[in-house]
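Participant: What follows is each chain in one-letter form.
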Amino acid sequence: MNMSYQMALKTFPLILTFGSWMFAGKSPRLKDIVLSILAILFIFEVVLFFQNPQELTGNYSFFALSFNRPSIFVGAIMSGALFMGLFPVRRSLTLNRNFLLLLGSGVGIILADNLPTFFFFYFLQRGVPAWNFLKNIRNGDAQTGSTYVFQHLICLLCAVYVMAQAFSQGILLTPLPEFPSTFFTVDILIVSIAIIFQTHGIFPFHSWVHDIVDNLRWYEISCIFLPRAGVLLFVQLMLPHFGSDPDQFKIALLSLTIFSSIYWSFRGIYEQNVQKEVTYFYIAQASLIMAGLQANEVALRGSYLHMMVISFSGTALWSILSYIQNHVSLKKHQSYYGLAQDFPKLATIFCVFGFCLIGVPLMASFVSEDLVINGLLEQQPYLGLGHIFATCLNGILFFLLFSKLFLGNNPTRGKVKMMDMSLLEMSPYMIALMVLFLIGVMPFLFLEKITW
Amino acid sequence: MMMMENFFRLSLISPFVVMVLLGLSFLLRIKVNERILSTTSKYFSLYMAFLGLGLFIMAWHYSPDELLLNDGNWIKFAHYTFELRFIVDLLGATYSLLTACLIGIIFRFSRNYLHREEGYFRFTFLLFVLWFGLNVVSFSRTIDLLFVGWELVGTTSVLLISYFYTQVQPVRHSVKAIVSYRICDMGILAAGAWAHHYLHSTDFTELPKLLSHDHGGKALIFIGIFIIFASLAKSGQLPMSSWLPTAMEGPTPSSAIFYGALSVHLGPFLLIRFHDYIENFPSLLIAIGVIGGLSAVWATLVGRTRSDAKTMLGFATITQVGIIWIEIALGYTNFALFHMVAHASLRTWQFLRSSSLIHDFFENPVVKQDVSIRRGLSFLSVLNPEIQRKIYIHALHSFHLDFFTMRVIRGVSYPMKMIFAVEKKMMNWDNKLLSRIIRK
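Residue numbers (the working numbering), protein chains in the order written: chain D, 1 to 452; chain V, 1001 to 1440.
To be clear, the hints were calculated from the coordinates, so they are not data collected in a lab. Glycine residues also receive a C-beta, built at the ideal position from the N, C-alpha and C atoms. Don't take each hint at face value.
Here chain V is said to cover these stretches of chain D; the calculated rule only asks that three of the stretch's residues, wherever they fall, bring their Cβ under 8 Å from a Cβ of chain V [stated by the list, open to error]:
1) 133–139
2) 229–237
3) 255–261
4) 337–345
5) 383–389
6) 396–410
7) 423–433
Label pairs and their computed distance ranges (CB to CB) [stated by the list, open to error]:
8) D:K276 <-> V:N1073: 37 to 43 Å
9) V:V1168 <-> D:R97: 43 to 49 Å
10) D:I431 <-> V:K1042: 42 to 48 Å
11) V:W1060 <-> D:D247: 53 to 59 Å
12) V:D1402 <-> D:Q51: 58 to 64 Å
The list that follows gives simulated cross-link-like pairs (lysine-lysine, DSS-like), each with its CA atoms no further than 30 Å apart [as the list claims (entries may be wrong)]:
13) D:K276 <-> V:K1176
14) D:K345 <-> D:K135
15) D:K332 <-> D:K345
16) D:K331 <-> D:K31
17) D:K276 <-> V:K1424
18) V:K1425 <-> D:K331
19) V:K1432 <-> D:K332
20) V:K1432 <-> D:K135
21) D:K250 <-> V:K1176
22) D:K345 <-> D:K331
Could you build the full structure based on these sequences and the hints that come with them?
Facilitator: Here it is as structure tokens:
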């Protein structure tokens, strides 16, 4: 494969997204452009993934991109999940150019091959909400967002520290998987883990999530989480040097990750706002990805699968909720909204996607959680129990959420008509559900594919 | 044995296929006529009953030899495998036959009872999921596989409690049920995980043998503890009892099949399956007996203070299941199995008749002569009236079980609430600090 072709292939997703951002302006067709980009990216990455390409790695320049199996996998999941979430609600979407910036920098995070490139895209993406928060605080429009700004500032300092250390050792431009083990001294390890935990909203670097939950739209939050910056950084940078033998440091990290999931589940259980509840539920699940990554090879595989399940199911939950919010106001806090009467099909699909997330058998997450739990047990039996407790709480949170949203008496019954989506609008959900069901029933066909 | 294997495979796969077809028809919005659905269910029940009976006869004939099937690996990665291991023995075949017979009866009953109900399709679909789940539980040989069926039964149960989802009370009770289920389901997961970790197998035909090698020392008793814990919620034993009487909010056929018959007996079923393992730990047998005894007494006393038929039947079920637990603790597992079958059959009949109880009481000349409510006849009548009154008052409040449960839940969540409060304060400081910096 010649160099120019390689270069074209690697930069194609970035050119597509950033190009659209620059030229789309305030086009009334912006949402169609975004959906087309997502569809193209999804097809492009799925084709690449199944072609088993040789790695297209960087060339030690300041700006290095690479296509490897983890990045193609995460990229396909991100574009696929976003397409699945946005397509059914496209009529009510109000996207702005910032979304393309978030998307483009997300793609950049996924493709980044060295530390400067990674952190450039990472802080570009996280900088978009930060900039808006600062603007609002300055104008006196809002008082929230400070924790987000401070925590990302600390994260930036940590990133600068890691890059400075890498620079001093002459490995700043080294591709991420090629970092030597000697680089990971205790201070680097702690700082790197802090960055990784912060990207995923893992306790105790999690408070910024409250600010985005309050202020950002669901697809923006989704765009922030879907590139799985922490996962990619961990898998590419640290995993090759993260010994499989349990030690105190590793157990402490795993405990924090599991505690984080428990924390978010409790947060969701005590939350009144449905939108926030969905987000907390999603993040509680996302925390468990990190737990699997740190454990061992078995749990790692489970985590990759879990990442896929969470991305599709979580985005679907958000999307369904946003569709409902476009038809019915959920601003008034009620014990039960009883919306299954008005949205019976959506209620069922919401329920099944929820089951996908909480590890109900015959769904993909049952397989992924089984792998993660067993991997964790091999590290430390009590961690496995912690994960089981977290899963149990997630299940309870989901049922509370589902019952609150869809069950109970709907006071407006009689005034509203059936407002379910059409079959065409629902089709992306149904395809995703069928895939998740197939993985749940025949995991052996899929597990072999997600290896690298 | 070959025929037995074929019968087993058919009885496992058939409900799954119907379940998938119904699910697909829902997703693709293909409307299935109620009549077609009920007729199909009727013939399907007959077919499954035939398979169940065949399996039962063969299992009886080959008893005590069991058919052990290894259907390969469902998940295999590195050194981890999730094997599809099944066992066809008298216990599983009996439960499977019971399932086929009772679900068949429920389908027939629902044909009239739920006629033209908008949730008829949902009800039928969930019964097929239950059927598949129960057959998986009946024939699974490993804890992992058993959990698949166990969880499906729990999920369908909760969805059927909230069958009348437009009413608030059934929804609240379904949430209560799911909380109890999820908490206790941790037991099965934990038992499986523990067995994987310490014994490198979750096959319960192998576990007692591995126990003799003593791989994990004292940690192995926890497998038994987890199994007992897992059995608590499904069979409504103390302290997980309060959800069961309130779960009667679903349609009568589902109450009959879940809380009178099949779901509620899964707890004892699990204990019988693990009896060979648990009997190595006498303290666990004592615990099973004590829990069963306490639950039986508690449910008897509380049930007598209730005024509606289905709730009383719910408490009566807890009492009987408690007695079955005692039988298992004493080692009478075959008798416990017989008791389970007899109790499930009787209770199904009682639940199905409960909706026409008033009619029977006043109109049906046969029943009128036999039925009489004899509340005065209590084993407490030997006690001092003042003590009787006190017991009655406490029983009326279910001996404050819900209050204690809430205290435990609050205790568990208190540290989290503290963290939330601290975090809120810190976020406020952040906001003030940044505002000050920017505006300067």
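Participant: Identify every previously stated hint that the structure contradicts and give their numbers, smallest first.
Facilitator: 2, 3, 10, 14 and 21
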